[in-house]
Structures are given as C-alpha cells and as structure tokens.
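**Student:** In case you want the letters, here they are:
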Amino acid sequence: MTSVDVMPALAPLLDYVHRQRNLDVPMLPEVASRVIQLTQHRDSGARELAALIQSDPALAGHVMRIANSAAYCPTTSLVSLQQAIARLGMDLITEIALAASISTRMFKTPGFTREVADVWRHALATALWAREISRHCRLNMEATFLCGLLHSIGWPVALQTLLDGIGQLELACDRATLLQLATLLMRPVGLSVLEQWNMPAIIIETVRYRDDYRAAPSGPRQTLLVNAAAALATHMLHPEELPLASLLQRQVLIDLNLYPDEVQALLARTPELRQTLEAMRA
Amino acid sequence: MPDFSSRDFAGGDMQVDLAIIGSGPAGQSAALQAARLGKTVALIEKDTILGGAGITRGTLPLKILRENALRSLHQDRLLPDFRRREDMQMPSLLAHLDEILEAHDHSLAHLLSHPRFNPPADLPPGGDQLPDHTAAPPPIVHLHGRAQFLDPRTLAVENVCGASIRVQAPRIIIASGSVPHHPAAFAVDHEAIFDSDSILSLLYLPRSLVVLGSGMIACEYASIFQALGVNVTLIDTSVQPLDFLDSDLAATFVNTFTRMGGIWVGSTTVERVSWSGFGDVQTHCSDGRIYTSEKALCATGRRANTADLALTNAGLQLNSQGLLTVDAQLQTPVPGIYAAGDAIDPAALTPVAVAQGQRACCHAFGHAGHNVPVPGGIYSIPELATVGLSAEAATRIHGRVLVGRAHFNELARGHIAGLEDGLLKLVCDAEGRRILGVMIAGEGATELIHIGQIAMQTHAEVDIFADSLFNFPTLAEAYRVAALAVIDQRRTSPPPVV
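Listed in order, the protein sequences are those of chains U and H.
All residue numbers for the first sequence refer to the numbering used here, where the first residue is 5 and numbers rise by one.
All residue numbers for the second sequence refer to the numbering used here, where the first residue is 4 and numbers rise by one.
A portion of the hints provided could be inaccurate.
[Stated by the list, open to error] Just a sample of chain U residues kept apart from chain H, beta carbon distances all over 10 Å, derived:
{"no.": "1", "residue": "38"}
{"no.": "2", "residue": "87"}
{"no.": "3", "residue": "103"}
{"no.": "4", "residue": "143"}
{"no.": "5", "residue": "144"}
{"no.": "6", "residue": "262"}
[What the hints assert, rightly or not] Reference listing, derived: stretches of chain U covered by chain H, where coverage requires no fewer than 3 residues with Cβ under 8 Å from a Cβ of chain H:
{"no.": "7", "region": "89-96"}
{"no.": "8", "region": "132-142"}
{"no.": "9", "region": "172-179"}
Treat the hints as calculated values from the structure; they're not laboratory data.
Quantities reported herein were computed from a predicted structural model and do not represent experimental measurements.
Don't be surprised by glycine CBs; every beta carbon is placed ideally from N, CA and C.
Here chain H stands alone, though its shape is the one from the complex (with noise of 0.2 Å):
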C-alpha cells in the first residue's frame, strides 16, 4: 500500500511529478488523483495538522457551534422560559473541537495513504498511458513545512527547524488557500475587533457583535452568533446579503435572521471601526450613524494566501483582487503551474475546491477529468444549498424558465418540526423538462440538496421527483411538490413554437 509519510528533512533534495502546496479540500483532491494516475507527489503542509486553515479554523469549528445554536433555540421553542445562562463561555460550545481536529487529521492521513486506483472506465481516455490498476499507487509524501518558488520548477521547503529542501516538479498546483483581508479602516485586533480567523478563539459569547459584511462567512457568523443570543448587527454595502442567490432565498435569510433578533443593515458603507480603549467598540457610518457593541468581525473577503511563496520567482503575480488567475482549465499564465481553490476564488466552497483540485491535476497531465455538477452550502440559519443555475442567473442565460417551488411549511414534516420558513425551488428549462438548478433554504438543505445534484448529474429530467417515491413524512417530499409545480406550468403555459 502506499505510505504517506512525512519525510525528514535531512533527506535531501527530491523530483516529483506534482507538488502541491496546501492540504486543504483542493489540495488533497489534487493529490489523491495524481496517486491514481500513478504520479509521485509532494503535498506541503504549513501547518501541524491538515486540512487547511480554512477547514479547521473555519469550517468545523463553525459547524460545531451551529449545531450548539440550534440546541439553544430548540430549546427555546421547547422551554418558553429558558434563558442561557450568561457568558456561555465558547470552550463549552465548541466542546470536542480538539477531538474532531485529529481525527479529522487522522482520516486524512489514512485516506492520503490508501489512494486507490480507480478501474480505467472512471478516466476518459487520453493524455499518459494508464497505470496498472493492480500495482500499489506510489507514496503522496507529506511535507510539514512553507514553501516558496524558486523558480517556476522548482520549491524551495523549509520546516519550523529552519531545515530546507528543494522539491522539484514539472507541475506544481497552488492550492494555498486564503487569509481574510483587512481593509485599512478596520482596525482588527483580535481583542475587540476579530477576522473570521480569529473569532472563534473568543472565549466568551459577547453580549453584542456588528459583522461587516453580507457574504457566505459574514451570514453563517453573524445568524449564529444571533441564535445564541448575541444581540447582532450585520452591516453592509450591498442591499441584501447573499447577493449571489435568488432574491427570494436571500430574503429567507434576512426573515429568520431579523425574527431571531439580529438588525440587517444594507446600502451602508462603514467609514472605521475601533475599540474605545476599553468597554466597547464604535462602528462608524458614512451617513453619521454609530453602531455600539461590545465586538466587532471584520468578514469583507479574504485574499490568497500567497505572501509567503516568492511568486515573482516562478513569473506569477495576484490580480487586482488579490487572488490568483487562471484560465478555464485552472492552469496560470506559467505554463505547468496551476491553482485551485480559496487562492483563486475565497468564495470557493468545499466541494468546489475539491471539483478543482480533480480538474487542474487532470489537466496537467493531459487528461479530461470529470464535469459533474458542483453543489454548495451555506451554513448560516437557515440553511442555504444550491446546485446548478439559480433562477435569475438561469434566466439570463437561457430567457425562458419555468420554476418550480415548495414551502416547508406546506409540508408535513415542516408543520411537525415548527419550519416557518424554509424553501425549494426547481429550475427547468423553457419546456420544463431539463433541470437547470435547484436553490434550498431551511434546514436540512445541504442534505437535500444532494437529491437534485444527483438528478442533475444522471441527466434526469424533472419527471422524476413526481413519478418517485419518497418517505412520509420528510422535507424530501419537497422535491415532488415543486416538480408538479413545474409540470402544471408545462401544461397551461407550454413554451411558444419557434
């Protein structure tokens, strides 16, 4: 079986086919391919454990303090009278956080270590000969230390000893992921005014929070924090967050979020942010308002993190955005330099960043890959999940759709579970046949989601969620009511003949 092992420095110089730099979601995708098509590969970890910074500052510790917020207003549902007990302090609320870190490490380690080879049916023909699926993958080999380019072929990789090595590869992948950015105005401090890196080291729940921003990380913050009683202030440019999303998803969000509690605060630009020495912290707007709160978060974008790499050495430089360019195959201007992920979009999610550590490694070496749809989650409350085309951007494209949509709270399951919002929405085509995309928001959405992505994939038309059948009562059920919902605007609306 392969070995993933982490190499002693004292080792020496070392070829590769790949090197990567990161082992977040791209990163480990990128690695695990190249394993299967039979290529050595160096992965290069900055930090002491992997998965990326982004996963495990962000992404699980996030999700373990949502879950402990949904406790929280389940039992506020259950027990009128229920009050939190005040300063919850976070350690309890994240609570297993160290646990779940290492085994998320460990499992990476396994799976790094035991990439299989897949029967050549999965890889469409083309570019290096094949492996011999019956032959051990080489090793992936686990560098812990920081890289820099020395020139477009060349890493050079030191550990935290100051020990150094040079990687060299044909191919490299930047999957390096992304910092937050600062925008000069917000004095982030980590004391009283946080990133999204460094709020959740707080060690207890403020009584009140203003998040700068409207994106996925600013509403996944600012509505739990909300739902765990922390008095919230969203504040942004833009005139509704999530702006990305069907307005009517956008909306779900804001309704949940301002019947928890939390004030939207949209077409506002915040001038500065500061703490006043002590007690609290001013957030001061371009039209004289001043917000008050006891902390603030600073979730306005993040940038490539690259500032480490020398990438001048190897020819590359960051747009005007701060993030890497790519082209459609995610290869950068330097021809057999590629990246992927948070670097080239910090809006990336999970599952994207895998999609395009798959891809880039494909490309590099000549062959296709795969194109499946992608899905995406937000884990804000409620819940927000999409795949494909949102309507609005379906419509822009394609003129005509017909749209589908289901309310939670006509369902059974959602009148049982005390849904008040909660929406799925199907988009088809002009003929109301092909899917197009499929946009969620309520719980369970990220799980649900999933049903479409597969429809969407297996190329099934909207028929099938109305000739189904599913569990009763469950959200599932959704996905029929929304169907049928398409399938009666197919007939009193058909399309007009061309």
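One chain only, chain U, in its complex shape (with noise of 0.2 Å):
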C-alpha cells in the first residue's frame, strides 16, 4: 500500500493526535540517568550539569517550561537557559533538572531510536550553528541558541504521539508512512507543545515562521538565523541532502547579508563544531 492509498484509512489516528490536549515531551532514558548521576555531586556536576542542559532539546525544553513557571517566575519570561541560571540559581536549576529527568516519560519509539537521536543530533547541531552565526554578526546568540535547539521538538514528540495512537486504536501504519506523517505534524506538534510550555514569544515564532521569516512579527532576525543554522546543521550532517553547492545558493544567507568569503570562514569552523557536537553529545 502507498503512503497516498494509507492517509484515508489513518484519518482516525490524526484525528487521535489532534485531540491530544497535553502533549508529553519524552526524553532520552540515556540522558535522565546521566541527569540523575550529576545531581549526585553538586559541586563537580554543576558545569557538566549546565552543559548537558544545553545539549539536549527534551531536557532543555523542561527546565525552561519549569523555570518560567508561575512557581518560579511568576512575573517574568525567561527566554534563554544562561538566564534561567543566572537568575535561579544552579542550585534550583538542578532541582529542576531532576525532577523533570524522573517524573518525565522516556522515549519508546522502538524501531525508531535511530531517527529521534538523529532529529536531537540536528537540533544540537543547529543551535550550534546559530550561536556561530550569531557569534560572527555580533549578535547576542543567548535566546538564538535555545531557538535553534527547541526549532525541530515538534518532530519526537509527534512520532512519539502517533505510535501511542497506533497502539491505542489498533492500527497498522507503514514506517515510511509513519515517518512521513511525523514530518507533516511537527510543526503545529512543534507548536502545540511550546505554547502549552508557555514558551517566550520568540521561541514559539522561530518555529512558526521558520519557513517564512519575513512574516515573523517581533523582528525576523532570531528565525532568519536558526533558518541558516539549520540549513549549515543539515549540510554538516548530510551534506548528500544538501551539497555545499546547494548550500550557497540558500537565500536565507543573502537575506543575511553574509558575503561568499564570510560564509566559507563559518563553513571553516566545521570541524570544531562537529567536535564540539560529539562532546556535547557523548
């Protein structure tokens, strides 16, 4: 059966997905247990702790929907992990981190754990990215980095949803389909679970407006950036989906203003920020 043949006969299961009123952001079971080990030793952990935070879209996701709680700042809306930091403590930021590690569910996509550590991996990549590019025109990349790491969250959590619907209502779904349909939803998933989190303005537009920059309202600029980072993310990690030929012809780098000479200084900075990618993610 086709893709095209299956959507009619899945209706019910978008249908399940779209009625999911509290989208769950799993996370990986890898990254609660290393959560749970740094929380064991406050002291030397704190700055592995911060780094993995930042390292981990699902983790980032919850400390900040935590953090910018009523609880903790009922009167504020923090829109980057150094200023949840900054202002809570590390102390409380642990807290938060561990609570969130242990009460949150854990990914069971089997067959797909490939996949959803391969979206994580862009999202990092991304948000490398855009502190680069942030970094190199000047700009504070503080809220650009949370932007580019949350940008793809949408994904997961879709797939991660539409397997418990197939489950529930009995269905069979096609992997190619299932991927596909994951692709379809990530946006407004993407979307569902930033608003439901309460998340800042411009961190819910990076994911809005991601294709279509110049409509953001608040300023184009945070999205214009991750919309570069994530097409370098993309060429640094399957440069077969898009060649550095590709690449250069992107409008998104001329909407920037990035001349050829600056982009290959950035392009440059590959092998360090794979590094840089492979630490964070190990």
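Put the two chains together into one complex, using the hints given.
**Tutor:** This is the structure in structure tokens:
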C-alpha cells in the first residue's frame, strides 16, 4: 500500500493526535540517567549539568518550562538557559533538572531510535550553528541557541504520539508513512508543545515562521538565524541531502547579508563544531 | 531629478568622479557635496540598509533605549512605589526600532536622490567650474556590496551573491566607519561579555553589568542601563570618565550616575574578564579586586573598519592606533585617497563626521569648503554637549579666559523639572567678548548647544545672550545667566593692559 492510499485509513490516527491536549515530550533514558548521576555531586557536577541541559532539546525544554512556571517566575519570561541559571541559581536548576528527569516519560519508539537520535543531533547542531552565526554577526546568541535547540521538538513528539495512537487504536501503519506523518505534523505539534509550555514568544515565532521568516512579527532576525543554522547543520550532518553548491545558493544566506568568503569562514569552523557536537552528545 | 539607483552588478565596470566607501554620516555628506558640485558619485555600502553600522547598531537604538530609560526615571520620581517589571524585555524597550531604521533608510535614499545644487554664493570660488544650477545633478549610484582596493584608483566591489564589478575613480573617500576593539584579556563572546555592537541585541535587562571604559560610548551605555534599573559598575584606568571634558562637566556625569546607584571605579586596570561557564562574569583587576556581574560590556575603544579593503593595494596602512592617518585636509599619504569619520577617529561624533565628509570632498575637487563650529553631543544621562573649546583647552591655548556659569537648579524651569544637576558654561576670551566655546551638562544639552553654536558661527559676542529675550521659564535662559556672569567679570576684573 502506498502512503497516499494509507492516508484515509489513518484519519482516526490524525484525529487522535489532534485531540491530544497535553502533549508529552519524552526524554532519552540515557540523558535522564546522566542527570541523576550528575546531581549526586552538586559541586563538581554543576558545570557538566549546565552543558548537558544545553545539549538535549527535551531536557532543555523541560527545564525552561518549569523555570518559566508561575512557581518560579511569576512575573517574567525567561528566554535562555543562561538567564534561567542566572535568575534561579544553579542549585535550583539542578533540582528542576532532576525533577524533570524523574517525572518525565521516556521515549518509547522501538524501531525509530536512530531517527529520534538523528533529529536531536540535528537540533543541537542547529543550536551550535546559530550560536556561531550570531557570533559572526556580533549579535547576542543566547535566545538564538535555545531557538535552534527547540526548533524541531515537534518531530519526536509527533512520532511518539503517533506510535501511542497506533497502539491505542490498533491501527497498522508502515514505517515510511509514519515518518512522513511525523514530518507533516512537526510544526503544529511543536507549536502546540511550546504554547502549552508557555515558552517565550520569540521561540514560538522561530517554529511558526521558520520557512517564512520575513513574516515573523517580532522581527525576522532570530528566525532568519535559525533557518540559516538549520541549513548549515543539515549540510554538516547530511551533505548528501544538502551539498555545498546548494547550500551556497540558499536565499537565507543572502538575506543575512553574508558574503561568500564569510560563509566560507563559517564553514571552516565545521570540524570544530563537529567536535563540540560529539562532545556534547557523548 | 537625480536618480539614486541601485546598480545591477551585471551592468559591468563603471567610472565615476568620486567613489565613496561607506554610507554613514561622512559618506553621505561627501556624496551629497559631490553631487552638488555636479560630479558623478558611486556610494558603496556593505550593509543592507543605508546609514552606517554606527548609526543603525549604535546611535539610533541607543537613543530609543535612552528615551525609555528617561521615562522610567520619570516614573520613579512621580511614583515612589513604582517598580519596574523584573527582567524587562529589551525588544519592548527598543519597540519600533525596525520601523525607525526603515524610515531612516528611506529618508536617506530620498535625500541622496534629491541633492540640490546650492546657489554659487554658498561655496567660495575655486577649483573646478561650478555647475549650472538649473540643470539636474548627476545621479548618485548606490552599490550594495563590499569594496576592495585593486590599486589607488580602482575598487573591486563584490555583492552578496559573489558578482563583482570594478569602479574606477580619480578620487576615493574611505568612510567605512569603525568596529569595536577587543583587548585580548577581554574574552568578548556576545553571550556574557559584549561589545558596543552586540549589547543592544540582548533580549532582557541583566541584573548587573560591568562596563569597561570611560569614553563617550561607555558612559552612555553605563548611565542608560543604570537608569533602567541595572546595577552598573563602570571601570577604567582614567581618573575620571569623559576626561576630554572639563572636570566639572565630567563630575556632573559622575554625580548623576552614582546618585542613580551606579558605581564608578577609576584609576583601575582590568587584567582579564571571563565568564564562569554558567551564571556570572568575573572582572579581575590588577589590585586584586574581582567584580562579579551577570554580563559585561567592553567599550574600551574602536578601530577603523578597513579589514576588507585590501589597503596595501592602494599603498595605505593603518597607524599604531588602528586608524587611517590623514592630513588637515583629510587626505591620506596617497594623493587622491581621503578618509573621514570613524575610520580616522572613532570618537568622531556624527556632526564631526558630516563636516569631515564635506571637507574631504571639497578639497578633492579643489574647493575651499565651509568652516563652521561643529557641535558634539553625548547621550548619556545626563546629556552633555559641547561646541568650540572647553575652558581647560581654551586656557591652554589662550592663557586667560573668562568663564560664565549657570546652574539649572537656579533656573525656574530647572526647579519645575526637578533638575538637580545641569550646568551651562560660556568660555570667552580674556576681554570677555568673543565666545570660544560652550559646554553644557543636563537634560536638553544636545538641543541647547545649537544656540551657542549659531552665536559662534555668526561671530556674535557674548553680549548677544544678555541682550536677547528668552521664553520664560526655559533652560535656554541659562545662556543669559552665564553671559551676565561673564560681563560681570569683564567689569570687575578687566584684562591687564599690555
């Protein structure tokens, strides 16, 4: 059965996803256990924990969600992890990370572990490139890093929700169709999660207007940066999907006013960024 | 009417009378001056909008932030229980910035597309034949691209798509502005440690900020952030901030800054600034003190923005201060190549850059040009403004000078507005007649200074302020008060007879 043939049969599944009011963002089990391990050694583990939080979109998202809740920040909206750490202190952030790791559901995506890991890896790579481009443009990169980290949070959540729905509704769905549906639902599910979490407007805008950055109401700059960063991340991780020649033709790089040699200077940082990426994912 | 047009790079090479690198105040004024002289001009700008990075990243957003800081201070005075919302978002404090920048860009484009020919009386005769002012001026061509010298008369201009054309001109003005200088010990990362180009891209107000430097930019940012409720510590090696001003004006700044809660740490060398990795920035001083803050701003100086220009191809190089060297007519050691604005002096204020652009252009085409007093404005809280010589500089040059002062808190308007600080000084020659300079500290300084500037420009004597009528109550009455003080000194202590 082709994906197109299957779609009408999966209408109940799409409806299931649409009806979910409290979408859960699962965590990777290994990340949760690392958090627990680091929180046992508060003094020595603080720096490592801060780095771990910044390397995992689900953990970062949960920490920001709790940090931004009325219990901790009734009158303000935190836009970056650095701001959260500065405002609440590392001790409190440690407790929040521990609570999130213990109470959050773990990913249960048998057969799709590699895909989920790939998406998380791409998200972290996007965050690192967003930081790099911001630095080159002499712009503050705090919120841009977080925007990059969370820009594709909808995909694994959509996948997990679809798998849950398939189980509950006892449907059949082939792998290719499932992946296609997850991609289709990535943006609406991502927006739903971020809005549910009361994330700052700038992060929600980055997801909503990622492919149409000129329409971003608060100014297109962050969205533009994340769009460019995602392209560089794809080129770095999957050059077969986005070869160099295609990357250099991307309108977003022109809209960022990056001259050819500036793009080359950024690309020259690829080995270093790859190293940082692997170290943060280790 | 002239057409300020963006050239399609496929159009091939071009030849113009004058090529200008940079569309900031110096570049704009040079372009307009050249067009008024009937010359063809290519104005090359690397950025997507006109105006120069100094204006679009610094001047305009900073002034918007300053306005909101003043509103915040005003609220503090009116409502003693007023509390600013914690973690106020910077975008809300910089509301309408994008609209303002777009409007600025459009108005510049309009201005550059309508350069008027001035009547011949505006320009002293000399040099090239002045054009027939009934004809339309030639177009100023705007090239959105990055310039690089191929030789002293040829520029290669590349656009963001990689297309390139050659621009040949017998005269070239470098008005490429400046970029922040980062001492090696200050690890500027635009995340915890900023420079003056990146600080305004912060999305929230930090709780505390260390500002390194004591010049105009450092003091502007320090006082504005302090007024917004950030705990600011200003640190520098100098004994007092703004040490190019008279000490009483600098003291006015320090008094207001510290009264708002700011801390000034002078005569202190900073050894290094680093981020802890999470949470805070540590500023280590040579005397052992360590200042901890949420963020830090390095505003210790700027360098000429010439890294992309391939200066050596034109036979040029930067001096030891990282700036271009020019003579009194703003010509570099290479004949036909001029420089103006921040590229020769990063402390250059906008009016100074405008005057320099005009002067460079006039000299390039053999005209004498204008020579008028140029005002300076510092948009700290309080404002500071100057024209002509400070009292200290005038004393060094002329020996005896007479200085008249007026304090804002002695004026009715000062009382009404609750202005505790505020000072106007008239610096006059030994006879107490010729105005050598005007210095003002206090709100409205940058507007008030123009009165003194016009008096100097028209060679009026100080008595004009005593003889003139002012609205009541206004701060402008300070001119009358200061002038009477000079006249009084003239009567009571006349200059010695030589």
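**Student:** Against this structure, judge whether each hint is valid.
**Tutor:** Outcome of the hint check:
For residue 38 of chain U, the requirement that its beta carbon stay farther than 10 Å from each beta carbon of chain H is met, with the minimum near 17 Å. Against the 10 Å criterion, residue 87 of chain U falls within the reach of chain H, whose nearest CB is about 6 Å from its own CB. Non-interface status of residue 103 of chain U relative to chain H is upheld: no Cβ of that chain comes within 10 Å, the nearest being about 19 Å off. With a minimum CB-CB distance of about 4 Å to chain H, residue 143 of chain U fails to clear the 10 Å threshold, and the non-interface call is violated.
Listed as a non-interface residue, residue 144 of chain U fails to keep its Cβ farther than 10 Å from every Cβ of chain H; the least gap is roughly 4 Å. Some Cβ of chain H comes within 10 Å of the Cβ of residue 262 of chain U; the nearest lies about 7 Å off, and the non-interface call is violated. For the region 89-96 of chain U, the stated coverage by chain H holds: 5 residues have a C-beta nearer than 8 Å to a C-beta of that chain, and at least 3 were required. For the region 132-142 of chain U, the stated coverage by chain H holds: 4 residues have a C-beta nearer than 8 Å to a C-beta of that chain, and at least 3 were required.
Remark: the region 172-179 of chain U is not confirmed as covered by chain H, as 0 of its residues place a Cβ nearer than 8 Å to a Cβ of that chain, below the required three.
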